[in-house]
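Assemble the complex: chain P is given as a structure, and chain V must be docked to it using the hints.
In case you want the letters, here they are:
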Amino acid sequence: MNIKVNWFKYSAPSAFYPLAGRLIPWLTAAAALLVLIALYWGFFLTPERLGGTNPQKEYYRIIFIHVPAAWMSMWLYLVLAGWSAVGLVFNTRLSFMMARAVAPTGAVFTFIALWTGAFWGRPSWGTFWDWDPRLTSELILFFLYIGYIALHSAIDDTRRADRAAALLAIVGLVLVPVIFWSINCPDPNQCAALHQRSSLGRIEGNILFAMLAMTLGFWLYSFATAFARLRGIILTREADTAWVSELLGTGGAR
Amino acid sequence: MKARQKRLVFVGLAVLGVTAAAAMALSALQSNISYFFSPSQVIANEHPADAVFRVGGLVVANTLSRQPDGLTVHFNVTDNAATVPISYTGILPDLFGENQGVVARGRMGGDGVFYAEEVLAKHDESYMPPEVAATLQTAHAEGITGPTEQATAALRAATESLVTGGGVGGGVGR
Numbered sequence: 001m002n003i004k005v006n007w008f009k010y011s012a013p014s015a016f017y018p019l020a021g022r023l024i025p026w027l028t029a030a031a032a033l034l035v036l037i038a039l040y041w042g043f044f045l046t047p048e049r050l051g052g053t054n055p056q057k058e059y060y061r062i063i064f065i066h067v068p069a070a071w072m073s074m075w076l077y078l079v080l081a082g083w084s085a086v087g088l089v090f091n092t093r094l095s096f097m098m099a100r101a102v103a104p105t106g107a108v109f110t111f112i113a114l115w116t117g118a119f120w121g122r123p124s125w126g127t128f129w130d131w132d133p134r135l136t137s138e139l140i141l142f143f144l145y146i147g148y149i150a151l152h153s154a155i156d157d158t159r160r161a162d163r164a165a166a167l168l169a170i171v172g173l174v175l176v177p178v179i180f181w182s183i184n185c186p187d188p189n190q191c192a193a194l195h196q197r198s199s200l201g202r203i204e205g206n207i208l209f210a211m212l213a214m215t216l217g218f219w220l221y222s223f224a225t226a227f228a229r230l231r232g233i234i235l236t237r238e239a240d241t242a243w244v245s246e247l248l249g250t251g252g253a254r
Numbered sequence: 001m002k003a004r005q006k007r008l009v010f011v012g013l014a015v016l017g018v019t020a021a022a023a024m025a026l027s028a029l030q031s032n033i034s035y036f037f038s039p040s041q042v043i044a045n046e047h048p049a050d051a052v053f054r055v056g057g058l059v060v061a062n063t064l065s066r067q068p069d070g071l072t073v074h075f076n077v078t079d080n081a082a083t084v085p086i087s088y089t090g091i092l093p094d095l096f097g098e099n100q101g102v103v104a105r106g107r108m109g110g111d112g113v114f115y116a117e118e119v120l121a122k123h124d125e126s127y128m129p130p131e132v133a134a135t136l137q138t139a140h141a142e143g144i145t146g147p148t149e150q151a152t153a154a155l156r157a158a159t160e161s162l163v164t165g166g167g168v169g170g171g172v173g174r
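Chains as they are written, first to last, in the working numbering: chain P, 1 to 254; chain V, 1 to 174.
Source of the hints: derived by calculation from the structure; they are not laboratory data.
Ideal Cβ placement from N, Cα and C applies to all residues, glycine included.
Mixed in with the good hints there might be a few duds.
Among the chain P residues that face chain V by a calculated CB cut under 8 Å, a handful are [to be verified]:
hint : residue
1    : 173
2    : 193
3    : 196
Bound conformation, chain P alone:
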């Protein structure tokens, strides 16, 4: 794959630092544009009422934040675990830094998914929270993100912290399929839950478009924030190197 070639080229922190800097404004702008389009579409071009067996009124619109945030919470965990595995195998500094940079964004999206879910659950189900399999596993995912960040910051030696936290991230992978299948198991009677199943095929076109646009916007936002955080991490960890001194104009001062 072409991307692979690019990553090798930019796998040196000194090469990736300026690239990330150049990408961040574009990613941020595209993310903001997509989120605005999705919000406009979701609020003004979608049906006012739902019919069939789903008589929700206006409040179903939380879907435009809730579902994309929940998708990102799981996807970013896969990204986190993926970079952790690459870092463990190839011992590449940038992979560990990338994993560390993605984690807070993933935690934020998990929190948003839980929070908006509570606000959605109150009017529709009648409760803010219930120990339903989906809700519980998503809460554990949030703790896992927090645990990754906490473990990483608890170990002073960066390389040890990287490896220990990476192992935790890989072990935590066990949760992602559990979250996914907690509502999507083949036989609906076997995963009895309060949370509804998910089915993109049964969503009206405008609602689906706004949801997918928001997801893409959230994804680009994740890139932008992860890259911004990554630049900070690179500068901190490479503070002793010549290129950082040169960049900061400190003339080799430690």
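Using the frame of chain P, we list chain V on its own:
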């Protein structure tokens, strides 16, 4: 290079082990997790005696009756095989209604009535305006297996693979 291969094997084994653990956890969940019991299970006495548990099913049409005190409601919940009468005192959620899915938490009384402490409404994953839903006839009873359910499941799987194949990043998480 040798050390790297060792690490690759190590990480590969770790991922494999985690996958196996996930598979076992999932199969355990499928057979053991009882977020709620169906009316059939309750009638067959599979529910815990003298303990709080949940019953889930559809509210049977024309069984919803409000008692004179104005707060207590009686209704029957069914899974189309068995029916359990439920008594509940309190405020019902907005989406509660006849032919709607509900999950009630409470305990079984000696008189065969389930006394609920909390009643939650379920809603399905269909997000369609009334006119579209009417034309597609997709409305179906949530959590009930039947020929229609299998047909929609097959249709759903087909559309999903179509949609997620579209290359949108969130597809994996869904």
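### Task
Could you tell me which of the hints above the structure violates, numbers in ascending order?
none
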